[in-house]
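*Asks:* In the order they appear, the protein sequences are chains A and B.
For the first sequence, position 104 (counting from the first letter as 1) is numbered 104 according to the working numbering, and the numbering increases by one without interruption.
For the second sequence, position 70 (counting from the first letter as 1) is numbered 70 according to the working numbering, and the numbering increases by one without interruption.
Read the hints as simulated data drawn from the structure, not as lab findings.
Be careful, since some hints might not be right.
[Claimed, not checked] The calculated DSBU-like cross-link candidates involving lysine-lysine, where the alpha carbons are at most 35 Å apart (straight line), are:
no.: 1; chain 1: A; residue 1: 113; chain 2: A; residue 2: 151
no.: 2; chain 1: A; residue 1: 64; chain 2: B; residue 2: 192
no.: 3; chain 1: A; residue 1: 184; chain 2: A; residue 2: 10
no.: 4; chain 1: B; residue 1: 46; chain 2: A; residue 2: 117
no.: 5; chain 1: A; residue 1: 151; chain 2: B; residue 2: 64
no.: 6; chain 1: A; residue 1: 192; chain 2: B; residue 2: 89
no.: 7; chain 1: B; residue 1: 89; chain 2: A; residue 2: 52
no.: 8; chain 1: B; residue 1: 35; chain 2: B; residue 2: 64
no.: 9; chain 1: A; residue 1: 184; chain 2: A; residue 2: 34
no.: 10; chain 1: A; residue 1: 64; chain 2: B; residue 2: 120
no.: 11; chain 1: B; residue 1: 46; chain 2: B; residue 2: 34
no.: 12; chain 1: B; residue 1: 192; chain 2: A; residue 2: 120
no.: 13; chain 1: B; residue 1: 192; chain 2: A; residue 2: 113
There are 2 protein chains.
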Amino acid sequence: MFEEINAYIKRYSDFTEQEIADFNALLQPKTVAKKTFLLQEGEICKFEAFIKKGCIRTYYIDHKGTEVTLQFAIENWWVSDIASFHEQKPSLMFIETLEDCELFLLSPETKEKLLSKVPKFERMFRLMVQRNLTRLQERLFQTIATTAVEKYLDFLERYPSIPQRVAQHYIASYLGFSPEFLSKVRTKLSKKSKTAKA
Amino acid sequence: MFEEINAYIKRYSDFTEQEIADFNALLQPKTVAKKTFLLQEGEICKFEAFIKKGCIRTYYIDHKGTEVTLQFAIENWWVSDIASFHEQKPSLMFIETLEDCELFLLSPETKEKLLSKVPKFERMFRLMVQRNLTRLQERLFQTIATTAVEKYLDFLERYPSIPQRVAQHYIASYLGFSPEFLSKVRTKLSKKSKTAKA
């Protein structure tokens, strides 16, 4: 049951068998059907979720009422609204499953318990938050990328498996494109790649 | 010399005298004149800087060539491009002093040394990155705030001492306003507050 998540944590530190057992005992397994909200705007985020199986999208709704996809998360990623989780204040985002998911959850209480029992986990969580910050920063800067084609290629590099797994309009909403415009970009690229091969 | 930064770290953990001495020995003190770049786009960020004295701005240049202020940082804050620092890849941002500054720097090497010598610091850095992430997220969501007045009031709440310290056009660039528009918002608010007092 815990193979994936234990393989994941072992990348960060040498944990003893006892420490891993303590960690596993604090995880809350949860199965969630696709198209379910784990969090909605205005709610306080009570979880950090490790994805054992499935695909999840986080997004917010901008001042024009448009959904803006912040991030996709798949196997071996953690998903949460860390700001809301740690400061226990209402979230500004939505977290929604796009596929049936198997998750392991930590709550603010079980995470604190874990950290006081096995402080070695501090490092793992620091590196996780750092990656999260890096991604959000890149997300912010991604709007600087000059052309639509560059943005889409950057997306493919970052999320190679996502186009096969999620609906095109979610990818469009990540890129800030209309679905029609994304379709044009894809056609343009596929023509280019055919020319290159010819 | 180390009073402020030692008071700062003691908020996070009970460090022994020896641990604090180890920490202080790894810090590189640096005095920087105002209007100096600590980092420019394309460079790799080699520091996390604790501000003992002074005020610093981080910004990037958007696709229209406009400066967008990401953050102001003052005494007792850390400033860095964490993404560039940790992954040692070129930064997309500028970090510039707005006042004469007294800083303490950690490099990737001294930070790693510190963390392997005193793992208790993991917690402090995790909480720092979390706050950083929270701020960046709020920064992203701040664009959702409906009215200009709300955005400005939110800014004043977040950065109460900044309006006295930095030029108005930097605040405008943080808010995504033109300097003229910011001036109108301020006039509107000052009229409101006079009416309220009358």
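*Asks:* Hint by hint, note whether the structure agrees.
*Replies:* Each hint, compared with the structure:
With a CA separation close to 41 Å, the supplied pair residue 113/A and residue 151/A exceeds the 35 Å bound. Our distance criterion of 35 Å between C-alpha atoms is met by residue 64/A and residue 192/B, whose separation comes to about 27 Å. For the given pair, residue 184/A sits about 43 Å from residue 10/A by alpha-carbon distance, which is inconsistent with the 35 Å threshold. Distance check on the hinted pair: residue 46/B and residue 117/A sit about 33 Å apart at the alpha-carbon level, within 35 Å; holds.
Restraint check for residue 151/A and residue 64/B: satisfied, since their Cα atoms lie roughly 16 Å apart, inside the 35 Å limit. This hinted pair checks out: residue 192/A and residue 89/B have alpha carbons roughly 30 Å apart, not beyond 35 Å. Between residue 89/B and residue 52/A, the direct Cα distance comes to roughly 30 Å. Compliance with the 35 Å bound is thereby established for this hinted pair. Restraint check for residue 35/B and residue 64/B: satisfied, since their Cα atoms lie roughly 23 Å apart, inside the 35 Å limit.
Distance check on the hinted pair: residue 184/A and residue 34/A sit about 29 Å apart at the alpha-carbon level, within 35 Å; holds. Under the criterion of a C-alpha separation no larger than 35 Å, the hint pairing residue 64/A with residue 120/B is inconsistent with the structure, at around 45 Å. For the hint linking residue 46/B to residue 34/B, the alpha-carbon distance of about 20 Å falls within 35 Å, and the restraint holds. Restraint check for residue 192/B and residue 120/A: the C-alpha separation of about 53 Å exceeds 35 Å, so the hint is violated.
Taking the CA atoms of residue 192/B and residue 113/A, the gap is near 49 Å; set against the 35 Å cutoff, the hint is violated.
When held up to the earlier numbered hints, the structure conflicts with 1, 3, 10, 12 and 13 and fits the remainder.
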